[in-house]
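Chain by chain, the residues run as shown.
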Amino acid sequence: MNIDFFGSLPLVAIWLALGAIGIVIQAFVRNNTKLVFGYYVGTLALTAFLAILSSGAKGSSFGGMIVLGGYAAYFDVLFCGAGILAMLAARPYLDRLNAELDEFYTLMVSAVAGMMLMAHASNLVVLFVGVELMSISFYVMAGFLRTDIKSVESALKYFLLGAFATGFLVYGMAMLYGGTGSLDYVEIGKAVSNGTATYPMFLAIGTVLMAAGLSFKVAAFPFHQWAPDVYDGAPTVVTAFMSTAGKAAAFSAFNPVFAAIMPDGVGGITDTMRLALAVMAAVTMLVGNITAIAQTSVKRMLAFSSVAHAGYLMMGIVAGTAYGHSAIVFYLTAYMFMQMGSFVIVGYLEREQGDGSDIENYSGLSKQHPMLAAMMAMFMFSLAGIPPFAGFFGKYMLFYAAIQSGYTWLTIVAVASSVISVYFYLGLIVKMYFTDAPGKKTTFATGTAGFTIAICSVAILLLGIFPWLLTNIISTW
Amino acid sequence: MNIAALIPLFPLIGFAIIGLFGKKLKNEKLIGIIGSGAILASFAVAGTLFVQMLGMPAEDRLSIVKVYTWIATGSFTVDIAYQIDQLSLLFTLIITGIGFLIHVYSIGYMHGDKSFPRFFAYLNLFVFMMLNLVLASNFLLTFLGWEGVGLASYLLIGFWYDKKFDGSHITWTGDAAKKAFIVNRIGDFGVLIAMFMLFNLFGTLDYTTINDSATVVLSPNGTAVILITLALFLGCTGKSAQIPLSVWLPDAMAGPTPVSALIHAATMVTSGIFLVSRTNVLFALAPTTMAIVAGIGISTALIAGTIGIVQNDIKKVLAYSTVSQLGFMFAALGVGAFTAAVFHVMTHAFFKALLFLGSGSVIHGMHHEQDIQKMGGLKKHMPITYRTFFIGTLAISGIPFFSGFFSKDEILWYSFLNGGMLIWGIGALAAFCTAFYMWRVTSLTFHGEERFDVAHVHPHESPKTMTVPLIILAVLSVVGGLVGIPHVLGHYLHIPNLLESWLEPVFAGGSALIRQHTGDHTSTELTLMTVSTVIAIAGIMLARSIYSGGPEKSDALKQKFSTLHKILWNKYYIDEIYHMAFVGPILAASRDFLWKIVDVVVIDGIVNGSATVVGATASVLRKAQSGVAQNYALVMLIGIMALLSLVLYSTH
Numbered sequence: 004m005n006i007d008f009f010g011s012l013p014l015v016a017i018w019l020a021l022g023a024i025g026i027v028i029q030a031f032v033r034n035n036t037k038l039v040f041g042y043y044v045g046t047l048a049l050t051a052f053l054a055i056l057s058s059g060a061k062g063s064s065f066g067g068m069i070v071l072g073g074y075a076a077y078f079d080v081l082f083c084g085a086g087i088l089a090m091l092a093a094r095p096y097l098d099r100l101n102a103e104l105d106e107f108y109t110l111m112v113s114a115v116a117g118m119m120l121m122a123h124a125s126n127l128v129v130l131f132v133g134v135e136l137m138s139i140s141f142y143v144m145a146g147f148l149r150t151d152i153k154s155v156e157s158a159l160k161y162f163l164l165g166a167f168a169t170g171f172l173v174y175g176m177a178m179l180y181g182g183t184g185s186l187d188y189v190e191i192g193k194a195v196s197n198g199t200a201t202y203p204m205f206l207a208i209g210t211v212l213m214a215a216g217l218s219f220k221v222a223a224f225p226f227h228q229w230a231p232d233v234y235d236g237a238p239t240v241v242t243a244f245m246s247t248a249g250k251a252a253a254f255s256a257f258n259p260v261f262a263a264i265m266p267d268g269v270g271g272i273t274d275t276m277r278l279a280l281a282v283m284a285a286v287t288m289l290v291g292n293i294t295a296i297a298q299t300s301v302k303r304m305l306a307f308s309s310v311a312h313a314g315y316l317m318m319g320i321v322a323g324t325a326y327g328h329s330a331i332v333f334y335l336t337a338y339m340f341m342q343m344g345s346f347v348i349v350g351y352l353e354r355e356q357g358d359g360s361d362i363e364n365y366s367g368l369s370k371q372h373p374m375l376a377a378m379m380a381m382f383m384f385s386l387a388g389i390p391p392f393a394g395f396f397g398k399y400m401l402f403y404a405a406i407q408s409g410y411t412w413l414t415i416v417a418v419a420s421s422v423i424s425v426y427f428y429l430g431l432i433v434k435m436y437f438t439d440a441p442g443k444k445t446t447f448a449t450g451t452a453g454f455t456i457a458i459c460s461v462a463i464l465l466l467g468i469f470p471w472l473l474t475n476i477i478s479t480w
Numbered sequence: 002m003n004i005a006a007l008i009p010l011f012p013l014i015g016f017a018i019i020g021l022f023g024k025k026l027k028n029e030k031l032i033g034i035i036g037s038g039a040i041l042a043s044f045a046v047a048g049t050l051f052v053q054m055l056g057m058p059a060e061d062r063l064s065i066v067k068v069y070t071w072i073a074t075g076s077f078t079v080d081i082a083y084q085i086d087q088l089s090l091l092f093t094l095i096i097t098g099i100g101f102l103i104h105v106y107s108i109g110y111m112h113g114d115k116s117f118p119r120f121f122a123y124l125n126l127f128v129f130m131m132l133n134l135v136l137a138s139n140f141l142l143t144f145l146g147w148e149g150v151g152l153a154s155y156l157l158i159g160f161w162y163d164k165k166f167d168g169s170h171i172t173w174t175g176d177a178a179k180k181a182f183i184v185n186r187i188g189d190f191g192v193l194i195a196m197f198m199l200f201n202l203f204g205t206l207d208y209t210t211i212n213d214s215a216t217v218v219l220s221p222n223g224t225a226v227i228l229i230t231l232a233l234f235l236g237c238t239g240k241s242a243q244i245p246l247s248v249w250l251p252d253a254m255a256g257p258t259p260v261s262a263l264i265h266a267a268t269m270v271t272s273g274i275f276l277v278s279r280t281n282v283l284f285a286l287a288p289t290t291m292a293i294v295a296g297i298g299i300s301t302a303l304i305a306g307t308i309g310i311v312q313n314d315i316k317k318v319l320a321y322s323t324v325s326q327l328g329f330m331f332a333a334l335g336v337g338a339f340t341a342a343v344f345h346v347m348t349h350a351f352f353k354a355l356l357f358l359g360s361g362s363v364i365h366g367m368h369h370e371q372d373i374q375k376m377g378g379l380k381k382h383m384p385i386t387y388r389t390f391f392i393g394t395l396a397i398s399g400i401p402f403f404s405g406f407f408s409k410d411e412i413l414w415y416s417f418l419n420g421g422m423l424i425w426g427i428g429a430l431a432a433f434c435t436a437f438y439m440w441r442v443t444s445l446t447f448h449g450e451e452r453f454d455v456a457h458v459h460p461h462e463s464p465k466t467m468t469v470p471l472i473i474l475a476v477l478s479v480v481g482g483l484v485g486i487p488h489v490l491g492h493y494l495h496i497p498n499l500l501e502s503w504l505e506p507v508f509a510g511g512s513a514l515i516r517q518h519t520g521d522h523t524s525t526e527l528t529l530m531t532v533s534t535v536i537a538i539a540g541i542m543l544a545r546s547i548y549s550g551g552p553e554k555s556d557a558l559k560q561k562f563s564t565l566h567k568i569l570w571n572k573y574y575i576d577e578i579y580h581m582a583f584v585g586p587i588l589a590a591s592r593d594f595l596w597k598i599v600d601v602v603v604i605d606g607i608v609n610g611s612a613t614v615v616g617a618t619a620s621v622l623r624k625a626q627s628g629v630a631q632n633y634a635l636v637m638l639i640g641i642m643a644l645l646s647l648v649l650y651s652t653h
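Chains as they are written, first to last, in our numbering: chain A, 4 to 480; chain B, 2 to 653.
Bound conformation, chain A alone:
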């Protein structure tokens, strides 16, 4: 077994830190959340650093089951970054609810470890381990507020449906194996493009089941219904993390898997599958955006909008081109910052507004928290795809990728649904800027969550004004 030591370092580091040292620390140092928090933030920072170092690595490791460098290394950095941002936001949030336990950070890092495996996987079994590690961490995190009925309900619902979806995913993997005799992406891809699958029927069924399983993870129609409920019920910082990094991880796997089993220009079932995914993408954005209009809770509105964004992102998969894949990476990055930033603001405001994230509570926010309102407005504009914010470029690239591949109708649907989405994103801005607060409320310090929000907004601006910062990196893969 050949193991590229240098390229595998990020993976090794996070596993070591998580498995060996982390648990030892927790065993000996009880109830020292500060230490554990610091330790895991440090772990993620170190992992991200190693990932940057390994970004030049090429090829695979662990007997070809894990790809290294480039794409995977970039996602390592993204996931670790998301983990750090979410932890910074989580500390004051959980502290207020007296729910800050060491386990929270452990779970978060184990979710990150799972995500990294998903991005690195080039073998279905590795992918499965990654998916499950991430998902199980999420189930627990969603129910982290044990005394909050909504949180517990959300965890249970997530777990039940997640288990159901995992069943399809693993069954799909088995079918692909049965059809082609391999678990390796490249081998399966070869069998598909050369038409040499032993049992084409198994291959077809496997493709469908994989699509279903992965669509569940990214929350695309008709496998999306869990998402608004779970995102709404889970603690807001958890939602901030799983609706962004979780979606990014699922797409980081969706991308290479479908590049292999749905290659361009083969015809037959791959064309049918592409069309099916296009329809799913179209319905996802329409359902997500239209339902979001009627929401009165900002958290729920964002939850539905997160469904809609899965629809936009799927356009890149449908396009199936290298450009489509770059578009996905760009948009995932932009989406991570804008969605996380807005959820963290929602989470912070829950404190002042009681538990409600009702849109009425955002009246006159620009007076009370001018900076916070400005950043929230920026996130909303970016989510709506308005330049010069990062979301615009991401959407632009995705839409263009779809047009390039001949999916003009899909782009038109996407365009129409983004117009619809402006309605509710703008609704929040109108509330924040063009209405007065009903009464004076006490304000609280944002604590470390302030860093998260600030970093997210700077990133959104930077990626909008200097998109080449990222596109240059992507073009080296």
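In case anyone wonders, no lab produced these hints; they're calculated from the structure.
Computed from a prediction, not measured in an experiment: that's the story for all the values here.
Virtual Cβ for every residue (Gly too), placed ideally from N, Cα, C.
Among the hints, a few may not be true.
[What the hints assert, rightly or not] Okay, derived cross-link-like pairs now, DSS-like style, lysine-lysine, Cα gap no bigger than 27 Å in a straight line: (1) Lys25(B) with Lys115(B); (2) Lys434(A) with Lys164(B); (3) Lys165(B) with Lys434(A); (4) Lys434(A) with Lys24(B); (5) Lys115(B) with Lys30(B); (6) Lys370(A) with Lys434(A); (7) Lys561(B) with Lys375(B); (8) Lys30(B) with Lys561(B); (9) Lys25(B) with Lys434(A); (10) Lys27(B) with Lys370(A); (11) Lys115(B) with Lys67(B); (12) Lys370(A) with Lys165(B); (13) Lys24(B) with Lys370(A).
[Said to hold, decoys possible] Sample of chain A residues lacking proximity to chain B, with all beta carbon distances greater than 10 Å (derived): (14) Gln29; (15) Arg149; (16) Thr199; (17) Leu465.
Mind docking chain B on chain A? Use the hints.
Chain B only, in chain A's frame:
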């Protein structure tokens, strides 16, 4: 010519300084100086470039100033780069010149407003975005400006957010802002789609490359070029408030009056004309689109003009007038008279900014009264405002030798020459309406007896910061037309048409593609010129006979033509129709179907159910929840079955 990059930079710096430190400065004068100074600096740079350009031979006047590479992925490369040429420089001079005057005016108008710094920050932001729009060397940067001005306009329409505003399906300024933004977004996506198609065909978004190779890549009047130009034009109807997306502009009057003058009259709303001018080669390749542009332009001119006749809010009359004048400009573009359209952009910027600022002065002096029925006799209370407003009225009505006369006449002439009798006839009718409603406003506002409590209201003339810009604009409204004197007159006076020769290189590509009528039409042109002068005077005389004696006569007419009045008063029910056809159904789909049925009944019902039984047994909860999860799982299962049957069916 690298100083060109400074033009948009100054307003950006102004925006940053006022935006960040405005509240701390606590000094209106200083903020006003920074805000106006930034625009003046840009104007100075643009002026310098203009002088430099005059000294160059025509073929050297185009230059591209690259700032940095914006985005580069594979074949897709876009620069932040500015295209300095005759067209962009002319627009830049208009934007910064009039922009500066309006900034100065705002110092007086916004005096004492609690959000004074915010106002100037937004205004500077707007100018920055507008300059990016016109200076851009490629579609994407124009699009950035395009969206950016929409954003600034949105922020400024809703500026006085605590104010009630009576519009169609609108009760306060925030709604008006939102409406403007969303209607614009519909158009913007036309531009986006056009950009995708262009990039697919040309592999670039640079204007120069596209204009140069358009005749090679696109077949004349082929499907591709028609679709591209129609999509672009959809964007233009949004920004420039043409039918079918004209509904937002009258409601945009909810913003402070300087905003209406700068954004919703002089600059932003002309972006559509700019875009068509910039891509004139594409439009010239698509005669079908050109015919549509001309048709929509001239119909908008007439429809908006007729609505303007019955409005009582001084700003709304001016808003409909703007929509109508923009219609004239599009009609000019549609018949291939690009220069005439840009000429009218310029003269319109002068006199419409003047009229809006004049109305602002009136509103200011009348303590926020906007209903012209409650005015009258302001002539003696506000002499400067009156005189300048009067000049603006003459200019827009097309009284000979005022600026509006030359530009409007040129449009009507080319409509006749290239478009035919019908377009000319509709245009002439719209011009009649223009003269009529403008005289009506002037008469009801300034002439006759005061129809308000003089002892109580005390109307007063505005401060110098407001009247000086009015005077400057009035001068421009009088003489501004001299740069584009039509050949038929210039020939006798030995004055060349300066504007036409200035813009000639910009429109050379487009004009070459359009069939030009040659031959001597001097007598026809002079006849039509006389006819349109008579029309303008007739409009004024009719308005004078009705409104000089106060509202009695008009009330009688209102009674007599009550049905017509009702239709006009309700703006042909366009807003109502849109509301019924689009807004209603989407909201209903969201609220009544997707939300009420799927969400409220299925989800919230159970969540609420569970919430009420927080203290109750866990078994109830479990039952409820597993119920939902089962439903979701069922949907998933159906989805998988559908996918499977689809894929398996296709293998056979």
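* Report the numbers of all earlier hints that the structure fails to satisfy, in ascending order. => Hint check: 8 and 11 fail, others pass.
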